[in-house]
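Student: Chain by chain, the residues:
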Amino acid sequence: MARMKFLCDAERCIECNACVTACKNEHEVPWGVNRRRVVTINDGEPGERSISVACMHCSEAPCATVCPVDCFYTTKDGVVLHDKDICIGCGYCFYACPFGAPQFPETGAFGSRGKMDKCTFCAGGPEADSSNDEFRKYGRNRMAEGKLPLCAEMCSTKALLAGDGDKVADIFRERVMYRGAGALQWGWGVAYDKQGVKG
Amino acid sequence: MRISKHWILALTMTILPLLVAFNSGTVAAQEGPISAINNPNPGAELWQAVRGRLDTPATTQVKGHDSAVLVNQQGDQWTAVRNKELLPKGGDLLIVVLLIIGAVYAMRGPVTLHAGASGKEIDRHSVNARFVHWFLAGIFIALALSGLILLFGRPLLIPLFGKAAFGTLAYGAKNVHNFVGPLFPVAIFLLFFNMVSKNLYEKGDLKWFAQGGGMFGKSHASAGKFNPGEKILFWLTIFLGIVVSVTGYVLDFPAIASWIVATFPEFTQYRHVMELSHVIHTIIAVLFIALVFGHIFLAVFFVPGTLQGMVTGKVDENWAKEHHDRWYAEMKGSAKGDA
Numbered sequence: 002m003a004r005m006k007f008l009c010d011a012e013r014c015i016e017c018n019a020c021v022t023a024c025k026n027e028h029e030v031p032w033g034v035n036r037r038r039v040v041t042i043n044d045g046e047p048g049e050r051s052i053s054v055a056c057m058h059c060s061e062a063p064c065a066t067v068c069p070v071d072c073f074y075t076t077k078d079g080v081v082l083h084d085k086d087i088c089i090g091c092g093y094c095f096y097a098c099p100f101g102a103p104q105f106p107e108t109g110a111f112g113s114r115g116k117m118d119k120c121t122f123c124a125g126g127p128e129a130d131s132s133n134d135e136f137r138k139y140g141r142n143r144m145a146e147g148k149l150p151l152c153a154e155m156c157s158t159k160a161l162l163a164g165d166g167d168k169v170a171d172i173f174r175e176r177v178m179y180r181g182a183g184a185l186q187w188g189w190g191v192a193y194d195k196q197g198v199k200g
Numbered sequence: 332m333r334i335s336k337h338w339i340l341a342l343t344m345t346i347l348p349l350l351v352a353f354n355s356g357t358v359a360a361q362e363g364p365i366s367a368i369n370n371p372n373p374g375a376e377l378w379q380a381v382r383g384r385l386d387t388p389a390t391t392q393v394k395g396h397d398s399a400v401l402v403n404q405q406g407d408q409w410t411a412v413r414n415k416e417l418l419p420k421g422g423d424l425l426i427v428v429l430l431i432i433g434a435v436y437a438m439r440g441p442v443t444l445h446a447g448a449s450g451k452e453i454d455r456h457s458v459n460a461r462f463v464h465w466f467l468a469g470i471f472i473a474l475a476l477s478g479l480i481l482l483f484g485r486p487l488l489i490p491l492f493g494k495a496a497f498g499t500l501a502y503g504a505k506n507v508h509n510f511v512g513p514l515f516p517v518a519i520f521l522l523f524f525n526m527v528s529k530n531l532y533e534k535g536d537l538k539w540f541a542q543g544g545g546m547f548g549k550s551h552a553s554a555g556k557f558n559p560g561e562k563i564l565f566w567l568t569i570f571l572g573i574v575v576s577v578t579g580y581v582l583d584f585p586a587i588a589s590w591i592v593a594t595f596p597e598f599t600q601y602r603h604v605m606e607l608s609h610v611i612h613t614i615i616a617v618l619f620i621a622l623v624f625g626h627i628f629l630a631v632f633f634v635p636g637t638l639q640g641m642v643t644g645k646v647d648e649n650w651a652k653e654h655h656d657r658w659y660a661e662m663k664g665s666a667k668g669d670a
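The listed protein sequences correspond, in order, to chains A and B. Read in order, the letters of the first sequence correspond to residues 2 to 200 in this note's numbering. Read in order, the letters of the second sequence correspond to residues 332 to 670 in this note's numbering.
Derived by calculation from the structure, the hints in this document are not laboratory data. Heads up, a few of these hints could be off.
[What the hints assert, rightly or not] Computed far set for chain B versus chain A, every beta-carbon distance over 10 Å:
(1) Val381
(2) Gly433
(3) Phe462
(4) Phe497
(5) Met605
(6) Val642
[Said to hold, decoys possible] Between beta-carbon pairs, the in silico distance windows are:
(7) B:Asn414 x A:Gly147: 57 to 67 Å
(8) A:Asp171 x B:Gly422: 16 to 26 Å
(9) B:Gly422 x A:Ser157: 32 to 42 Å
(10) B:Phe595 x A:Asp171: 15 to 25 Å
(11) A:Tyr74 x B:Val527: 46 to 56 Å
(12) A:Tyr74 x B:Ser457: 53 to 63 Å
(13) B:Phe524 x A:Glu29: 49 to 59 Å
(14) A:Asp44 x B:Leu429: 53 to 63 Å
(15) B:Gly422 x A:Asp44: 43 to 53 Å
(16) A:Cys59 x B:Ile472: 51 to 61 Å
(17) B:Gly395 x A:Arg137: 20 to 30 Å
Beta carbons are placed, not taken as given, at the ideal position from N, Cα and C, and that holds for glycine.
All chains should be built: construct the whole structure from the sequences, respecting the hints.
Tutor: Written out as structure tokens, the structure is:
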């Protein structure tokens with residue numbers, strides 16, 4: 002079975018934020034919640050790089066190990082999902098998560114946390130595939146329709162890759178080989194390889 | 332191929348020591364240390380920045396807590412502390428305290444009055460004192476129960492009730508904790524002003540400790556209105572109460588954590604404030620619960636007649652004589668009946 006993974010190629014991401022927008026629109030994510038975000042390092046400086054980040058669907062997901070109500074589960078595709086009927090909105094997954102993926106709508110009194118919301122790899126939740134309940138709680142289930150996550154599908158520079166980890170790794174490996182100077186050796190192509198093409 | 336490989340190996344083995352010897356000789360010959368070649372790898376720098384090891388500016392269009400941080404390095408540490416330290420050790424501590432309590436009760440039994448009940452009662456706790464005590468006690472029990480459900484529910488209760496039912500219970504527990512919690516410092520504040528004057532050090536308190544509070548041997552340890560054990564309970568309640576309240580307010584009101592991050596440069600991330608608060612809050616809360624286990628045991632089961640003083644406000648004269656002799660003498664002397 003395929004193991005689903007995200008990969009963001011920092012050499013290609015142009016910080017257009019279309020992945021963020023597409024995700025919000027596709028899943029009708031609540032106001033104030035962003036399942037995906039683009040972070041820019043050294044904005045406006047030489048060496049500026051942008052990376053799109055969301056839930057990475059970890060193998061030993063830290064969110065699942067700290068959850069006091071054990072609401073997380075991993076699908077056979079390696080996608081980490083959670084059950085909002087069980088989630089109590091305690092925020093522990095956000096403290097544990099390396100990527101800042103869990104988001105909390107501030108719906109409660111005094112801005113207290115509502116139930117956690119995060120990237121589902123466009124794979125919905127525990128409800129029946131493509132049901133209204135599933136859409137309301139988790140957004141569209143594109144995986145059930147045989148489609149990959151929309152953020153990666155519509156990425157204009159194909160910086161963001163999503164899908165079977167082996168295939169994603171193959172694509173990235175090919176790119177690295179083509180660049181000829183490592184994955185992220187910014188400036189090396191300009192400085193040492195004027196043709197821009199190397200074997 | 333095989334021969335050439337062996338040749339290279341042999342050559343390396345011979346030349347390497349020579350090279351090392353030669354190099355160390357040249358280093359010694361030079362005047363200062365050799366500086367490393369300054370040729371930073373831009374890729375490495377980027378990944379250092381991604382992992383937050385450099386002070387590289389990072390920005391994002393998305394508003395939210397720590398949204399410009401790509402990799403939070405501290406989450407794993409907090410996860411390990413919570414799952415591998417707080418949960419097992421907190422559970423062990425509470426079980427050990429209950430076992431000790433059981434052993435003490437089995438060995439020393441309830442401490443009944445030697446002279447029996449006199450039938451005459453004197454005033455011990457005023458209405459105000461009782462109100463403050465039960466106000467605090469009610470809040471404490473609600474918070475302790477809901478807190479224990481949140482801390483130990485996953486290993487203990489999910490196997491019993493299943494995830495769906497436990498999720499509902501835990502959601503209730505979270506809301507009880509969040510909405511009752513803010514009252515806790517109010518109760519601590521009231522307790523402090525109501526009872527502080529009776530919980531200061533008095534002559535004879537050290538002697539009470541020397542006698543082990545009368546726990547061992549036959550003789551009664553002389554005590555005033557509150558014995559030194561009760562005084563320690565009072566002061567621990569105040570100090571643990573303050574710490575658990577401060578960390579609880581941070582956890583309950585995200586705006587406080589945001590303010591801390593904005594004000595103190597030691598804290599760079601909102602969730603680090605939350606993680607630290609959570610660890611302190613849990614340690615203190617478990618110690619507090621263990622302390623209250625002891626308090627309930629002593630007042631309700633070990634020394635009969637004590638609970639009555641906090642319920643009706645009156646205690647038997649012989650109870651006062653045998654457990655708080657100096658206070659009894661004082662009461663008889665002034666005959667005011669003021670508590």
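Student: All hints are to be evaluated individually against the structure, with a verdict given for each.
Tutor: Okay, the hints, checked on the actual structure:
1. Val381: 7 Å, violated
2. Gly433: Per Cβ check, Gly433 (chain B) is outside 10 Å of chain A; nearest 29 Å; holds.
3. Phe462: The assertion about Phe462 (chain B) holds, with a minimum of 27 Å to chain A.
4. Phe497: 6 Å, violated
5. Met605: 6 Å, violated
6. Val642: It holds; Val642 (chain B) is separated from chain A by about 35 Å at its closest Cβ, greater than 10 Å.
7. B:Asn414 x A:Gly147: 57 to 67 Å: At 38 Å between Cβs, range violated.
8. A:Asp171 x B:Gly422: 16 to 26 Å: 47 Å, violated
9. B:Gly422 x A:Ser157: 32 to 42 Å: Violated - the Cβ-Cβ distance for Gly422 (chain B) and Ser157 (chain A), about 53 Å, lies outside 32 to 42 Å.
10. B:Phe595 x A:Asp171: 15 to 25 Å: 47 Å, violated
11. A:Tyr74 x B:Val527: 46 to 56 Å: 52 Å, holds
12. A:Tyr74 x B:Ser457: 53 to 63 Å: 56 Å, holds
13. B:Phe524 x A:Glu29: 49 to 59 Å: 53 Å, holds
14. A:Asp44 x B:Leu429: 53 to 63 Å: 57 Å, holds
15. B:Gly422 x A:Asp44: 43 to 53 Å: This hint holds: roughly 48 Å between Cβ atoms.
16. A:Cys59 x B:Ile472: 51 to 61 Å: 38 Å, violated
17. B:Gly395 x A:Arg137: 20 to 30 Å: Holds, at about 22 Å.
Checked against the numbered hints given earlier, the structure breaks hints 1, 4, 5, 7, 8, 9, 10, 16 and satisfies all the rest.
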